[in-house]
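K.L.:
The primary structure of each chain is shown beneath.
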Amino acid sequence: MASSISLMIDSDLDKVAHIASAVRGVCASLLSTDDADAIELSVVEAINNVIKHGYHGQPGKDVQVLVSLQPDRVVIEVLDRASPMQSDLLDQATEDRFAFDETNLDEVPEGGMGLALIRMNMDEVEYSSAGGENRLRMVKKVGPRAS
Amino acid sequence: MLTSEVRSNVLVIHVGEKRVDASKAPSFKDEMTKCIESGQNQIVLDLSAVEFVDSSGLGAIVSCLKRLGPRGNLAIAGAKGAVSRLFTLTRMDKVFALHDTVEAAVERLSA
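The listed protein sequences derive, respectively, from chains H and B.
Here our numbering is used: position 94 in the first sequence is 94, and no number is missing along the way.
Just remember that our numbering sits 147 ahead of the position in the second sequence, which is counted from 1.
Mixed in with the good hints there might be a few duds.
To be verified - If the Cβ cut is set under 10 Å, some of the chain H residues that face chain B in the computed set are:
1) Asp12
2) Lys15
3) Ala36
4) Leu41
5) Lys52
6) Arg97
7) Phe98
8) Ala99
9) Glu102
10) Pro109
As the list claims (entries may be wrong) - Pairs of lysine to aspartate or glutamate, EDC-like flavour, derived with a Cα cap of 16 Å:
11) Lys213(B) - Asp106(H)
12) Lys165(B) - Glu198(B)
13) Lys141(H) - Asp123(H)
14) Lys140(H) - Glu126(H)
15) Lys61(H) - Asp10(H)
16) Lys241(B) - Asp101(H)
17) Lys241(B) - Asp106(H)
18) Lys140(H) - Glu77(H)
19) Lys141(H) - Glu77(H)
20) Lys213(B) - Glu110(H)
21) Lys141(H) - Asp34(H)
22) Lys241(B) - Glu107(H)
23) Lys61(H) - Glu133(H)
24) Lys227(B) - Asp240(B)
25) Lys241(B) - Glu110(H)
26) Lys141(H) - Glu126(H)
27) Lys140(H) - Asp35(H)
28) Lys140(H) - Glu124(H)
29) Lys165(B) - Asp14(H)
30) Lys213(B) - Asp101(H)
31) Lys140(H) - Asp123(H)
32) Lys213(B) - Asp177(B)
33) Lys52(H) - Asp62(H)
34) Lys140(H) - Asp34(H)
35) Lys15(H) - Asp62(H)
36) Lys227(B) - Glu164(B)
37) Lys241(B) - Glu102(H)
38) Lys52(H) - Asp10(H)
39) Lys141(H) - Asp72(H)
40) Lys213(B) - Glu107(H)
It is worth saying that the hints were derived from the structure and are not from the lab.
Glycine included, every Cβ here is placed at the ideal spot set by N, Cα and C.
Generate coordinates for the entire structure from the input sequences, incorporating the hints supplied.
P.N.:
This is how it looks when you write it as structure tokens:
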């Protein structure tokens, strides 16, 4: 039996923690701490990207987050109406982002880590745009839950 | 969001925020920069009160390390849970020395 919730925030970085809290609240009793951490980080990174890169830091824009709890997975969708992200950015974002030479500080990244982190923390990540709306769909598969 | 003291010639910076995220990263960087410019270059960053760091927060910590330069050291103390997980996932645990406690970090840096 699936249950879903829909959350909407204003494009304000100060509000992202509220969504993280809400998503965590919905999922936490059903997930291991590691899985809850993975989902929280992914949701935060996704919303940060929408606010910073999609809306270029403009407040007053809508960011919608849909959370669907299914028996074997949690599906999170982040929706916005900004200009679409370049489609190859997601494909290019892998754990190679962190394959730097740690003895060479110039190689250590200060930014551009969000998409790679989402892909490393979630099992399925898809981006699509239609009718002026962009959708980042993230799925975390969850094991059988202790009763 | 930061308080600090000097122990054994090491600057210990305590982060008082539970979340070092994109909304907090710019002021975190500004406050850290002031600490670094005060002249101390052996620094322990105490994250024991921090529950969550995102890539903006992590990037701010990295940029402080880069600002410190080759004669400086920036060690992390008290990273746990999701924070420690982020350091491991990003291999930043190879870039920063991570210590369980401020005491252990200070001991290492003052040696």
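K.L.:
None of the hints should be skipped; say for each whether it holds.
P.N.:
For each hint, the structure was consulted:
1. This hint holds: Asp12(H) has a C-beta 8 Å from the nearest C-beta of chain B, less than the 10 Å allowed.
2. With a least beta-carbon distance of about 8 Å to chain B, the hint placing Lys15(H) at the interface is held under the 10 Å criterion.
3. For Ala36(H), the shortest C-beta to C-beta distance to chain B is roughly 9 Å, which falls under 10 Å, so the interface hint holds.
4. With a cut of 10 Å, the hint placing Leu41(H) at the interface with chain B holds, because the nearest CB-to-CB distance is about 7 Å.
5. For Lys52(H), the interface hint holds, since its Cβ comes within 10 Å of a Cβ in chain B; the closest pair sits about 7 Å apart.
6. Satisfaction of the interface hint for Arg97(H) is found here, the shortest Cβ-Cβ separation to chain B being roughly 8 Å, below the 10 Å cut-off.
7. Interface restraint check for Phe98(H): the shortest CB-CB distance to chain B comes to about 5 Å, inside 10 Å, so the restraint holds.
8. Against a cut-off of 10 Å between C-beta atoms, the interface hint on Ala99(H) holds, since the closest Cβ of chain B lies about 8 Å away.
9. Proximity of Glu102(H) to chain B holds as hinted, the smallest CB-CB distance being about 4 Å (cut-off 10 Å).
10. A least Cβ separation of about 7 Å between Pro109(H) and chain B falls short of the 10 Å threshold, and the interface hint therefore holds.
11. A threshold of 16 Å between alpha carbons decides the hint, and for Lys213(B) with Asp106(H) the separation of about 8 Å falls inside it, so the pair holds.
12. A distance of roughly 5 Å separates the Cα atoms of Lys165(B) and Glu198(B); the hinted pair therefore holds under the 16 Å criterion.
13. At roughly 7 Å between alpha-carbon atoms, Lys141(H) and Asp123(H) fall within 16 Å of each other, so this suggested pair holds.
14. Of the supplied pair hints, the one linking Lys140(H) and Glu126(H) holds, its CA atoms being roughly 12 Å apart against a limit of 16 Å.
15. Taking the CA atoms of Lys61(H) and Asp10(H), the gap is about 6 Å. The hint holds against a cut of 16 Å.
16. A threshold of 16 Å between alpha carbons decides the hint, and for Lys241(B) with Asp101(H) the separation of about 9 Å falls inside it, so the pair holds.
17. Using a Cα cut-off of 16 Å, the hinted pair Lys241(B) and Asp106(H) holds, with the two alpha carbons roughly 14 Å apart.
18. Distance check on the hinted pair: Lys140(H) and Glu77(H) sit about 11 Å apart at the alpha-carbon level, within 16 Å; holds.
19. For the hint linking Lys141(H) to Glu77(H), the alpha-carbon distance of about 15 Å falls within 16 Å, and the restraint holds.
20. For a cut-off of 16 Å, the pair hint linking Lys213(B) to Glu110(H) stands: about 10 Å separates their Cα positions.
21. Taking the CA atoms of Lys141(H) and Asp34(H), the gap is near 12 Å; set against the 16 Å cutoff, the hint holds.
22. Annotation: proposed proximity of Lys241(B) to Glu107(H) holds, straight-line Cα distance about 13 Å (limit 16 Å).
23. Restraint check for Lys61(H) and Glu133(H): the C-alpha separation of about 13 Å stays at or below 16 Å, so the hint holds.
24. A threshold of 16 Å between alpha carbons decides the hint, and for Lys227(B) with Asp240(B) the separation of about 12 Å falls inside it, so the pair holds.
25. A C-alpha spacing of about 15 Å is found between Lys241(B) and Glu110(H), which places the hinted pair at or below 16 Å, so the restraint holds.
26. Straight-line distance between C-alpha atoms of Lys141(H) and Glu126(H) comes to about 15 Å, which keeps the hinted pair within the 16 Å bound.
27. Among the hinted pairs, Lys140(H) with Asp35(H) is consistent with the structure: their alpha-carbon atoms are about 8 Å apart, no more than 16 Å.
28. Restraint check for Lys140(H) and Glu124(H): satisfied, since their Cα atoms lie roughly 7 Å apart, inside the 16 Å limit.
29. Restraint check for Lys165(B) and Asp14(H): the C-alpha separation of about 13 Å stays at or below 16 Å, so the hint holds.
30. With a C-alpha separation of about 14 Å, the suggested pair Lys213(B) and Asp101(H) falls inside the 16 Å cut-off, and the hint holds.
31. Taking the CA atoms of Lys140(H) and Asp123(H), the gap is near 5 Å; set against the 16 Å cutoff, the hint holds.
32. In summary, the hint linking Lys213(B) to Asp177(B) is supported, as the alpha carbons are separated by about 14 Å, within the 16 Å threshold.
33. With a C-alpha separation of about 13 Å, the suggested pair Lys52(H) and Asp62(H) falls inside the 16 Å cut-off, and the hint holds.
34. Straight-line distance between C-alpha atoms of Lys140(H) and Asp34(H) comes to about 11 Å, which keeps the hinted pair within the 16 Å bound.
35. Between Lys15(H) and Asp62(H) the alpha-carbon distance is near 12 Å, which keeps this suggested pair within the 16 Å criterion.
36. A distance of roughly 14 Å separates the Cα atoms of Lys227(B) and Glu164(B); the hinted pair therefore holds under the 16 Å criterion.
37. Proximity of Lys241(B) to Glu102(H) is assessed by CA-CA distance (about 6 Å); at most 16 Å being required, the pair is judged to hold.
38. The straight-line distance between the Cα atoms of Lys52(H) and Asp10(H) is roughly 13 Å, inside the 16 Å bound, and the hint therefore holds.
39. Pair hint Lys141(H) plus Asp72(H) holds up; C-alpha atoms about 6 Å apart against a cutoff of 16 Å.
40. For the given pair, Lys213(B) sits about 11 Å from Glu107(H) by alpha-carbon distance, which is consistent with the 16 Å threshold.
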